[in-house]
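The whole structure should be built from the sequences, with the hints applied where relevant.
So the protein lines, in turn, are chains E and P.
Those letters in the first sequence? Residues 35 to 314, by the numbering used here.
Those letters in the second sequence? Residues 194 to 625, by the numbering used here.
Simulated from the structure, these hints should not be mistaken for lab results.
Hints should not be assumed to be uniformly reliable.
[Stated by the list, open to error] To spell it out: a stretch of chain P is covered by chain E in this simulated footprint if at least three of its residues, at any positions, have a beta carbon under 8 angstroms from a beta carbon of chain E; those stretches are:
| # | region |
| --- | --- |
| 1 | 255-268 |
| 2 | 523-530 |
[Claimed, not checked] Calculated lysine-lysine pairs in the BS3-like style (CA-CA distance at most 27 angstroms, straight line):
| # | chain 1 | residue 1 | chain 2 | residue 2 |
| --- | --- | --- | --- | --- |
| 3 | P | K384 | P | K526 |
| 4 | P | K613 | E | K165 |
| 5 | E | K308 | P | K351 |
| 6 | E | K287 | P | K277 |
Where is the CB? At the ideal position from N, CA and C, for every residue including glycine.
Single-letter residue listing:
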Amino acid sequence: MSVAPLRQFNTFHSDPKFGRLLLVSLIAHGLIWVAFSIDLFGTNTRPKPPIYYVDLIHKPVLNPQAGRPDPRPAKKPKAATVKRTVQTAAPTVTKKPTKPAVKPLVKPAKVVKPKPVPKPTTKIDQRKEQKVQSALDEIRERQARQAERDALKDKLAKLRDSAGAATVAADVPVGMPDGTGDEAGIAVVAFVQAFIQQNWALSRYLIDQSRIANIEAKATLVYSAAGKLIRYRINTPSGNQQFDDSLKKAIIKSQQLPQPLPKILELNVTFNLKEMAGRN
Amino acid sequence: MLLRGFIVCLVCCALPWSVMAATDIEISSPGEQSIPLALTWLLPTQGTQSAKVAAEFNEVLDADLDLSGLFRFVSQAAFLDDAKHIGLYSTQVNFPQWRMLGAETLIKGTYSLDGEKLVVEARLFDVVNRRLLTGRRYVGERKDVRRMAHAFADLVLKELTGEEGPFSARIAYISNQSGDKELWLMDVDGKRPLRLTNHRSIVLNPDFSPRGKEILFTSYRANNPDLYRKEIYSGKEAKISYKQGLNVAGRMAPNEREIALTLSKDGNPEIYLIGTSGRVRKRVTNSWGIDSDPSWSPDGSQLAFISNRQGNPHVFITDIFSGKTERLTRRGKYNATPAWSPKGDRIAFTRQEGGRFDIYTVNTDGSDERRLSFGPGNSEHPRWSPDGRFIIYSSDKAGNRAIYVMRADGTGARRLTNAKSDSRHPAWSPRW
Numbered sequence: 035m036s037v038a039p040l041r042q043f044n045t046f047h048s049d050p051k052f053g054r055l056l057l058v059s060l061i062a063h064g065l066i067w068v069a070f071s072i073d074l075f076g077t078n079t080r081p082k083p084p085i086y087y088v089d090l091i092h093k094p095v096l097n098p099q100a101g102r103p104d105p106r107p108a109k110k111p112k113a114a115t116v117k118r119t120v121q122t123a124a125p126t127v128t129k130k131p132t133k134p135a136v137k138p139l140v141k142p143a144k145v146v147k148p149k150p151v152p153k154p155t156t157k158i159d160q161r162k163e164q165k166v167q168s169a170l171d172e173i174r175e176r177q178a179r180q181a182e183r184d185a186l187k188d189k190l191a192k193l194r195d196s197a198g199a200a201t202v203a204a205d206v207p208v209g210m211p212d213g214t215g216d217e218a219g220i221a222v223v224a225f226v227q228a229f230i231q232q233n234w235a236l237s238r239y240l241i242d243q244s245r246i247a248n249i250e251a252k253a254t255l256v257y258s259a260a261g262k263l264i265r266y267r268i269n270t271p272s273g274n275q276q277f278d279d280s281l282k283k284a285i286i287k288s289q290q291l292p293q294p295l296p297k298i299l300e301l302n303v304t305f306n307l308k309e310m311a312g313r314n
Numbered sequence: 194m195l196l197r198g199f200i201v202c203l204v205c206c207a208l209p210w211s212v213m214a215a216t217d218i219e220i221s222s223p224g225e226q227s228i229p230l231a232l233t234w235l236l237p238t239q240g241t242q243s244a245k246v247a248a249e250f251n252e253v254l255d256a257d258l259d260l261s262g263l264f265r266f267v268s269q270a271a272f273l274d275d276a277k278h279i280g281l282y283s284t285q286v287n288f289p290q291w292r293m294l295g296a297e298t299l300i301k302g303t304y305s306l307d308g309e310k311l312v313v314e315a316r317l318f319d320v321v322n323r324r325l326l327t328g329r330r331y332v333g334e335r336k337d338v339r340r341m342a343h344a345f346a347d348l349v350l351k352e353l354t355g356e357e358g359p360f361s362a363r364i365a366y367i368s369n370q371s372g373d374k375e376l377w378l379m380d381v382d383g384k385r386p387l388r389l390t391n392h393r394s395i396v397l398n399p400d401f402s403p404r405g406k407e408i409l410f411t412s413y414r415a416n417n418p419d420l421y422r423k424e425i426y427s428g429k430e431a432k433i434s435y436k437q438g439l440n441v442a443g444r445m446a447p448n449e450r451e452i453a454l455t456l457s458k459d460g461n462p463e464i465y466l467i468g469t470s471g472r473v474r475k476r477v478t479n480s481w482g483i484d485s486d487p488s489w490s491p492d493g494s495q496l497a498f499i500s501n502r503q504g505n506p507h508v509f510i511t512d513i514f515s516g517k518t519e520r521l522t523r524r525g526k527y528n529a530t531p532a533w534s535p536k537g538d539r540i541a542f543t544r545q546e547g548g549r550f551d552i553y554t555v556n557t558d559g560s561d562e563r564r565l566s567f568g569p570g571n572s573e574h575p576r577w578s579p580d581g582r583f584i585i586y587s588s589d590k591a592g593n594r595a596i597y598v599m600r601a602d603g604t605g606a607r608r609l610t611n612a613k614s615d616s617r618h619p620a621w622s623p624r625w
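Written out as structure tokens, the structure reads:
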């Protein structure tokens with residue numbers, strides 16, 4: 035072993051700035067170690083990012099196929115939709131369309147005699163009338179619901195068609211708006227948002243109806259990568275005690291997420307009742 | 194050198210925070226639009242056990258809180274063992290168990306029955322924050338259990354909303370249960386009906402004084418519609434206004450010094466202010482049309498009333514001091530019985546449309562008109578609860594005319610009186 039480097043080290047050691055530099059270096063290393071130990075950067079130990087499942091029916095994402103690597107071209111011909119709409123819209127019209135009215139008056143077919151409607155015997159019982167009325171209302175409501183469902187189905191079918199081979203991509207992983215293609219579900223932020231909203235309970239009768247459109251509070255929430263609420267702060271309270279209390283309860287109930295997060299997450303959450311006011 | 198070291202240190206510290214940029218999100222409606230409440234049954238502590246006491250208390254409290262529309266009740270079938278533990282201190286309550294059931298609030302209570310003496314202790318807990326919100330000990334007789342439950346329901350609303358509930362109040366109404374149209378009094382859930390008059394004539398249009406000690410009403414006892422005043426506790430009755438013609442729809446001013454009513458002593462029905470002795474102090478309206486059904490604003494400076502001075506009957510508002518009168522409603526061919534809300538922001542009234550009367554509310558500037566009652570039958574005579582949360586009215590949708598109650602937004606309607614007799618003209622008393 036040569037003596038020169040040792041000597042050089044000794045002269046360097048005798049330099050008064052060495053101590054300070056060493057101290058700074060130690061502090062910097064210590065800080066980095068602390069940052070990693072409290073999981074500030076998130077861990078890279080997981081082989082794959084976690085999967086977040088949310089109710090996509092209630093929480094649709096803007097573009098659920100955004101992360102898909104290689105969408106296939108559309109296979110379905112448009113005729114399928116047309117067929118469906120024809121079937122659902124007017125099933126009776128499709129009956130015997132080939133035969134035009136050649137002999138319209140020869141055999142007018144059997145005219146089904148309407149069954150004699152039983153005449154109201156005496157006074158119509160008001161209760162019965164109400165029952166009939168309510169039954170009719172129910173039927174109407176059911177029909178309206180069915181029509182709504184059909185309309186939604188049509189809409190979905192159209193969306194499916196416009197999205198190409200979105201439904202037949204069994205071998206291609208489903209992406210997410212900000213995903214890379216190997217995740218399922220939706221964005222982490224949307225997942226946390228849905229979780230907090232689910233835990234927020236507030237009755238409309240607690241808020242003055244005239245204030246319902248303007249009431250708003252802002253809070254900051256910080257979640258660790260393990261999905262635990264590290265800290266929260268109500269930055270701008272609404273001024274309504276019931277509203278603010280309900281927020282605090284929602285935050286407390288959301289202090290542990292059901293899934294870990296890919297990294298530490300800080301959220302600036304604005305709570306308001308705009309949707310409620312819209313339905314008012 | 195020290196400076197460089199400091200900068201390096203700063204960069205090391207700031208790096209993770211710069212990576213973790215905050216994300217802005219907006220939550221524009223709560224996931225659950227009611228407060229999950231676990232309502233347990235009262236448990237006996239000592240003395241005689243009476244399942245009836247617990248059942249009655251639970252039934253009344255459940256009905257009151259359900260009417261408020263604030264709560265979603267956690268199913269009692271899902272309750273775990275803490276529902277059977279007597280402990281009423283927050284340290285004795287197993288909050289995680291209730292939280293597991295999804296409850297945010299919890300009501301627990303005990304009772305002890307010694308002969309006829311009943312002591313009920315009920316408490317409201319915040320499950321999320323694990324603390325006692327409010328509690329009360331009621332001492333009374335066995336027959337008072339309903340009153341205790343109503344009082345506790347009021348307390349629960351006060352704690353959670355900041356404003357006491359109206360369930361301890363009473364409702365006055367006109368019913369022909371006894372054969373004639375007489376004045377009756379009942380609880381806000383329609384129970385414990387009590388007849389107040391025995392005029393054997395026609396009694397109509399009752400209204401409570403602002404302090405709730407007296408009731409004004411019109412009676413045809415002397416073959417003329419005269420205005421009477423009745424003290425509720427003593428039963429003393431006095432005829433206040435008995436001028437020729439109509440002496441109807443008497444409404445006491447918030448200061449209890451004047452009564453607004455419709456008099457037709459000069460031929461045409463007009464609205465007057467009279468003193469509590471019956472002396473006319475002021476003629477409020479003066480038009481060729483019929484002016485009737487006055488209703489005071491909460492501050493006592495204005496009156497809403499019905500007039501047909503511009504054609505069909507519509508709601509008008511007049512300033513008592515300046516006499517300035519403005520028309521409030523513009524639609525419908527027949528508007529009637531306005532009632533000013535205790536908060537002063539809205540006026541409820543009846544409108545006939547399509548041959549049927551329904552309840553409407555409107556802002557005092559005529560904006561935001563809303564129809565509250567739907568379905569078959571006529572709904573009339575709307576009156577507000579003292580807190581403005583509910584509206585009572587009469588309706589014949591189930592055959593005979595009966596008294597109904599609904600929330601101020603028209604939801605949660607329920608019948609209070611039975612349909613065997615004819616009940617109408619309800620009036621909700623102030624809190625007692």
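Practice problem: Examine the region 523-530 of chain P for residues whose CB is less than 8 angstroms from any CB of chain E, and state whether their number is three or more. | Solution: Violated - the region 523-530 of chain P has 0 residues with a Cβ nearer than 8 angstroms to chain E, which falls short of three.
Quiz item: Between K384/P and K526/P, is the straight-line Cα distance small enough, at 27 angstroms or below?
Solution: It is violated: about 37 angstroms lies between the C-alpha atoms, which goes past 27 angstroms.
Quiz item: CA of K613/P to CA of K165/E, is that 27 angstroms or under?
Solution: holds (19 angstroms)
Quiz item: Are there at least three residues in the region 255-268 of chain P whose beta carbon sits under 8 angstroms from a beta carbon of chain E?
Solution: holds (count 4)
Self-check item: Agreement of K287/E and K277/P with the hint, judged by alpha carbon distance not exceeding 27 angstroms
Solution: Cα-Cα ~25 angstroms, so holds.
Exercise. Mind checking the alpha carbons of K308/E and K351/P for me, to see if they're no more than 27 angstroms apart?
Key: holds (26 angstroms)
Of the hints listed earlier, those the structure fails to meet are numbers 2, 3, in rising order.
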